[in-house]
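J.: Just so you know, the sequences run in chain order A and B. Per this note's numbering, residue 1 is the first one in the first sequence, and the count goes up by one each step. Per this note's numbering, residue 1 is the first one in the second sequence, and the count goes up by one each step.
One thing to keep in mind: the hints can contain errors.
Said to hold, decoys possible - Taking lysine to aspartate or glutamate and the EDC-like style, the derived pairs with C-alpha atoms no more than 20 Å apart in a straight line are:
hint, chain 1, residue 1, chain 2, residue 2
1, B, Lys131, B, Glu118
2, B, Lys72, A, Asp103
3, B, Lys13, B, Glu124
4, B, Lys105, A, Asp255
5, A, Lys234, A, Glu357
6, A, Lys316, A, Asp189
7, B, Lys120, A, Asp189
8, A, Lys234, A, Asp103
9, A, Lys31, A, Glu54
10, A, Lys35, A, Asp45
11, A, Lys3, A, Glu227
12, B, Lys74, A, Glu227
Said to hold, decoys possible - From the structure, some residues in chain A lie toward chain B, with a derived Cβ separation under 7 Å:
hint, residue
13, Tyr68
14, Glu134
15, Gly138
16, Pro197
17, Pro201
Derived from the structure by calculation, the hints contain no laboratory data. Every residue gets a Cβ at the ideal spot worked out from N, C-alpha and C, and that includes glycine.
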Amino acid sequence: MGKVGIIGVGQSAFVRGFPGSIRELAFEGFKECMKDAQVSVKDIDATVVCSAPEYDKQRSPAGVFAEYLGLTPQPTFYVETLCSSSTTGLKLAYSMIKSGLHDVVMVIGFQKMSEISSAESQERMGRGADIQWESPFGTMMPAYYAMHARAHMATYGTTPEDLALIRVKASTYGQINEKAVYRKAVSADMFTDPQNPMSGPVASPLRVGDCCANADGSSCIIVASEEKAKALSKKPVWILGIGAASAPVNMAGRDLFSGLSAGELAGKQAYKMAGVTPKNINVAEVHDCFTIAEMMAYENLGFAKPGEGRELIRSKATYKEGSIPVNVDGGLLSKGHPIGATGGSQVRTIVLQLRGEAGNMQVKDPQIGLVHNIGGVGLYGNVLIFGR
Amino acid sequence: MATKKEADLRFKKFGTVSFTAITKTNDFVGYLEQGKVMGTKCKGCGLTFFPPRADCYKCLTSDVEWFEVTGKGKLVTYSKLEYGPVGFEADLPYAIALADYGTYKVFGRLSKNIPENEIKVGMEVKTVVNKLPNGQVNYVFEKA
């Protein structure tokens with residue numbers, strides 16, 4: 001069985017309040033991807049549509065998108081794993097091709113979070129955790145990640161200042177990414193200035209500046225068998241490794257709080273399958289829905305030992321010129337986090353990096369890239385490794 | 001004439017806002033109203049569950065018994081919320097937390113009786129039932 005390659009990537013701009021319906025939002029990522037791949041809809045054998053449900057009035061968006069994008073009568077279906085939905089879709093596409101069922105599969109991710117109010121959206125997001133036993137206490141995503149931040153600080157001595165440095169890095173690249181929703185500069189002193197919104201408390205020890213913004217957005221990836229990829233594309237990027245894992249939904253069922261075990265396990269699987277180690281990764285996209293999430297990802301992926309993630313950000317090793325550039329497109333913190341579109345956007349960034357087409361965000365000549373995409377509070381973890 | 005059996009909706013009383021009406025662990029709320037926080041234990045393999053479960057995935061049975069959460073646990077981590085989801089506005093600010101009892105852990109809220117400067121990861125806590133102003137019932141961690 002041959003390799004599986006990515007032959008097209010695209011995403012919409014991530015924005016607050018997309019002025020259109022979800023099918024029109026999906027078109028934005030689809031358009032960029034089809035122009036990138038230079039294929040026709042007849043070349044696409046099947047589509048997988050990915051998002052977190054309950055934000056839309058439309059049920060079963062897969063069929064609606066297939067019609068709007070000219071992808072009927074080919075098969076299509078919907079998949080979700082919360083914030084990691086579109087990398088789960090990519091894993092499915094890989095399996096569909098490896099099984100020989102299809103040669104070319106499109107993975108569309110989307111979320112129109114502005115369909116509902118911010119408070120309603122927080123309540124829905126919170127329902128991605130344990131609604132029977134935890135939600136009655138008034139839980140929210142920032143508070144769950146804040147509990148991990150508190151554990152990381154208590155275990156390793158990580159400081160709020162270390163977390164602020166991660167947001168500062170994100171903004172360095174968010175300012176130059178035209179797809180990002182947050183494009184302003186962020187400096188560390190904003191976190192200590194009580195007058196600055198960045199320092200506002202959300203869920204201790206996390207502040208406004210530690211949290212990514214909701215956004216509307218779509219992403220689109222075209223995956224193909226080795227034979228088709230070589231026939232259709234001049235520079236396919238190959239999927240070298242895939243890992244996926246889950247963790248107990250209730251915090252009470254877990255043992256690790258200074259990290260996310262699903263991300264760690266998925267990483268180990270992906271490294272093994274690809275036959276590489278963390279030292280071989282030249283550029284990475286990790287799931288930084290909160291600053292602490294990026295810190296934990298450094299350690300869970302083996303870029304730093306547990307407790308030493310702060311050294312990476314203090315020494316700027318995760319900047320574009322550093323030894324392991326991470327989220328040099330601004331990450332979720334600057335791009336925004338339209339849940340179902342996020343993983344596809346991360347994949348797009350790594351594919352552009354490996355092709356040498358990342359523009360002013362380009363890392364010098366990367367050979368191997370990694371995507372780390374988390375669903376819920378470490379409920380689902382997907383890690384993918386790509387090579388030229 | 002057969003009378004319609006009344007549904008047991010006790011779980012609607014759990015927490016500030018309950019998102020679950022019917023569960024096989026409705027007795028949990030019955031115990032809370034008696035002042036007890038209870039978990040379950042599989043009679044077959046002895047596996048303990050907190051939060052309580054009605055079913056054992058190992059033995060494939062529903063033969064579980066209740067046990068009371070007593071003694072001291074250790075505060076694993078916590079977070080104080082300045083914003084809450086819809087329906088929780090009146091409780092703000094409040095802190096959610098996790099306590100480790102050794103063979104099981106308990107997720108809940110920190111009591112507002114603990115002064116903020118005394119909250120420390122690793123401190124000893126006990127789990128106690130708490131009646132909410134809106135008539136609902138939950139449990140909180142007090143200093144042990």
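J.: Go through the numbered hints given earlier and state which of them the structure violates, listing their numbers in rising order.
T.: Hints 1, 2, 3, 7, 9, 12, 13 and 16 not satisfied by this model.
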